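A.B. asks: Chains as they are written, first to last, in my numbering: chain A, 12 to 121; chain B, 4 to 150.
Hints may contain errors.
To be verified - Heads up, simulated BS3-like pairs for lysine-lysine below, C-alpha to C-alpha not over 30 Å straight-line:
no., chain 1, residue 1, chain 2, residue 2
1, B, 21, A, 34
2, B, 100, A, 38
3, A, 34, B, 100
4, A, 65, B, 21
Derived by calculation from the structure, the hints in this document are not laboratory data.
Computed from a predicted structure; not experimentally measured.
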Amino acid sequence: MKRVKQQDVFAERPPVKAAPDAKQLRKMAGDWLKQRRADAEMSQADLAARLGLKYYTFISQVENGFSRVPIEIMGAWASELGLEQAAFARHLLMYYEPELHRLLFGAESK
Amino acid sequence: MSVVAFERKHDSGEWSDKELSALVAAFGAALAPGTGREWETGMTERGDAQFYLLSPLPDQACELCVSRIGGRYILEDGLGRLLFEHRNLELVGLHAKAAIPSTSWLMVRAITLWCAIRNTMHERFEPLLVEGEELFVQFVPQLAAFA
Numbered sequence: 012m013k014r015v016k017q018q019d020v021f022a023e024r025p026p027v028k029a030a031p032d033a034k035q036l037r038k039m040a041g042d043w044l045k046q047r048r049a050d051a052e053m054s055q056a057d058l059a060a061r062l063g064l065k066y067y068t069f070i071s072q073v074e075n076g077f078s079r080v081p082i083e084i085m086g087a088w089a090s091e092l093g094l095e096q097a098a099f100a101r102h103l104l105m106y107y108e109p110e111l112h113r114l115l116f117g118a119e120s121k
Numbered sequence: 004m005s006v007v008a009f010e011r012k013h014d015s016g017e018w019s020d021k022e023l024s025a026l027v028a029a030f031g032a033a034l035a036p037g038t039g040r041e042w043e044t045g046m047t048e049r050g051d052a053q054f055y056l057l058s059p060l061p062d063q064a065c066e067l068c069v070s071r072i073g074g075r076y077i078l079e080d081g082l083g084r085l086l087f088e089h090r091n092l093e094l095v096g097l098h099a100k101a102a103i104p105s106t107s108w109l110m111v112r113a114i115t116l117w118c119a120i121r122n123t124m125h126e127r128f129e130p131l132l133v134e135g136e137e138l139f140v141q142f143v144p145q146l147a148a149f150a
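Turn these sequences into a full structure, and let the hints steer you where they fit.
C.D. replies: Okay, here's the thing in structure tokens:
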């Protein structure tokens with residue numbers, strides 16, 4: 012599995028000016044997750060197998076922006092992608108709960 | 004010589020019209036006007052078709068997902084829990100129908116409204132009831148003495 016530079020992968024942020032809706036934000040999170048998986052040189056099936064999922068359909072569900080990464084497997088998802096768990100969760104919170112992210116970390120935090 | 008045309012079973016690629024009709028029919032009640040639910044389709048990276056039942060606005064998150072992998076239909080919820088799998092789409096549709104979250108958006112609104120009314124009633128009438136109870140407690144010994 013390929014390790015990636017932590018600072019670069021968490022630099023991506025949703026646009027601040029236009030407030031995207033929950034669906035758009037989940038789609039952006041999905042695109043980011045897809046890119047991170049590609050960086051780790053894994054297929055959806057590889058990731059699903061490592062997360063103990065029978066099928067890779069849920070990985071697709073999340074990456075297509077229709078579902079969130081469940082909290083119970085967020086840490087394992089991060090580890091399998093070679094990313095630091097806290098930074099991974101914090102980055103996803105920016106898409107899944109933008110207001111909570113702003114309250115916790117401020118608008119300008121990275 | 005007559006040739007019987009067998010329908011080709013889709014193992015990969017997009018949903019056929021027949022499959023899509025079966026899925027929309029299975030989710031008919033969930034997709035009824037007023038529920039606010041919608042559906043969308045997508046694909047896995049291997050080109051397997053997926054059907055998503057989406058919750059009402061503002062979230063529009065996946066509540067149930069049916070995927071076709073190698074001619075097998077997989078039913079999952081929005082958290083990735085495997086609910087059912089079979090080669091027969093009608094059977095999967097039946098399980099999907101049973102798995103649809105039953106609380107409609109309208110129901111949630113009605114419950115919220117009922118709770119608000121109940122809370123208001125409670126706040127307004129409780130002091131009166133407490134006052135009445137205090138009076139009752141004061142007068143009961145006197146009434147008992149007269150009896």
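A.B. asks: Indicate, hint by hint, whether the structure satisfies it.
C.D. replies: These are the hints, each one checked on the structure:
no.	hint	result
1	21(B) <-> 34(A)	holds, 28 Å
2	100(B) <-> 38(A)	holds, 26 Å
3	34(A) <-> 100(B)	holds, 24 Å
4	65(A) <-> 21(B)	holds, 27 Å
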